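Asks: Top to bottom, those sequences are chains G and A. Taking numbering that gives the first Met the number 0, the leading residue of the first sequence gets 0, the next gets one more, and so forth. Taking numbering that gives the first Met the number 0, the leading residue of the second sequence gets 0, the next gets one more, and so forth.
These are computed hints drawn from the structure, not numbers from a lab. This structure is a prediction, so every number in the text was calculated from the model and none was measured. Beta carbons are placed, not taken as given, at the ideal position from N, Cα and C, and that holds for glycine. Careful, some of the hints might be misleading.
To be verified - Derived coverage of chain G by chain A (criterion: at least 3 residues anywhere in the stretch with Cβ under 8 Å from a Cβ of chain A; other residues may be distant):
1) 15–27
2) 40–46
3) 53–62
4) 82–88
5) 92–98
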Amino acid sequence: MSDLQPIEGHVRAGEVLDPEAALVIRGWPLTVDGLLRNADATRRRYSRAGRRFVAVSADVTMAGWDLDAILSGPRLRTRRSYAAVPIARVVEAGFRLLPTFGAPHYSVVLPSYTQEVAQRLLEVMGEVKVNPHHVRREL
Amino acid sequence: MTDHDDVTVTLPADVNQIDETGFVWSFLDDAAEPDRVRPGALIVAGDPVEPFLARVVDIIEGPGGTSIVHLDVVGVPEDAIDELRHARLLPQ
Numbered sequence: 000m001s002d003l004q005p006i007e008g009h010v011r012a013g014e015v016l017d018p019e020a021a022l023v024i025r026g027w028p029l030t031v032d033g034l035l036r037n038a039d040a041t042r043r044r045y046s047r048a049g050r051r052f053v054a055v056s057a058d059v060t061m062a063g064w065d066l067d068a069i070l071s072g073p074r075l076r077t078r079r080s081y082a083a084v085p086i087a088r089v090v091e092a093g094f095r096l097l098p099t100f101g102a103p104h105y106s107v108v109l110p111s112y113t114q115e116v117a118q119r120l121l122e123v124m125g126e127v128k129v130n131p132h133h134v135r136r137e138l
Numbered sequence: 000m001t002d003h004d005d006v007t008v009t010l011p012a013d014v015n016q017i018d019e020t021g022f023v024w025s026f027l028d029d030a031a032e033p034d035r036v037r038p039g040a041l042i043v044a045g046d047p048v049e050p051f052l053a054r055v056v057d058i059i060e061g062p063g064g065t066s067i068v069h070l071d072v073v074g075v076p077e078d079a080i081d082e083l084r085h086a087r088l089l090p091q
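Let the sequences and hints guide you as you build the complete structure.
Replies: Below you can see the structure in the form of structure tokens.
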């Protein structure tokens, strides 16, 4: 536990978002197993307030980063599918959003590492959509 | 193209997950064949449903004696296949 990296050193300060307009965006994997694998890696590496940090990675729209910019970026343009939901819905469902590392990355903090919590987050993320910026060529 | 059940990624990774370097990262011990994951190598990472091509940037020490791999996302595997076919390094 002691050699986990504190996430506090990687939290951006002073970021204000419109909870109804800003979108939480996550590319595939959008499955319970996929979310739990992501959360497991995070908790194996980072701590928060001295405890394992259980969170899932996502991007959030903000100034300079609209939906198209995120979906066409170097990482998410490799995703055929994605989900997006206003941050207000995510917060209402009991998840906290932490601005971590470089924008537009956010950590969606899970209240516990369980299948039920991962399933709840998936349900909040809603419909899986086709990424119009996906780069895959049909062979 | 390929049935997902046939796909074996060299390094399981989540393209959504970055760290302070801005690169995607994953634990080396998640790789079935860690010897294939070395700085500079071009590998297939991600998951069998939506794998991605990535260049291994570096491998650093992680918590508890683990090793963390940083990945620079290059694109999708079909990009490389298409280019290799174009160069006639793969059958048309």
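Asks: All hints are to be evaluated individually against the structure, with a verdict given for each.
Replies: Each hint tested on the structure:
Remark: the stretch 15–27 of chain G is confirmed as covered by chain A, as 3 of its residues place a Cβ nearer than 8 Å to a Cβ of that chain, reaching the required three. With 4 residues having a Cβ less than 8 Å from any Cβ of chain A, the stretch 40–46 of chain G passes the three-residue criterion, so the hint holds. With 4 residues having a Cβ less than 8 Å from any Cβ of chain A, the stretch 53–62 of chain G passes the three-residue criterion, so the hint holds. A stretch counts as covered by a chain when three or more of its residues have a beta carbon under 8 Å from one of that chain; for the stretch 82–88 of chain G and chain A the count is 0, and the coverage is violated.
With 0 residues having a Cβ less than 8 Å from any Cβ of chain A, the stretch 92–98 of chain G misses the three-residue criterion, and the hint is violated.
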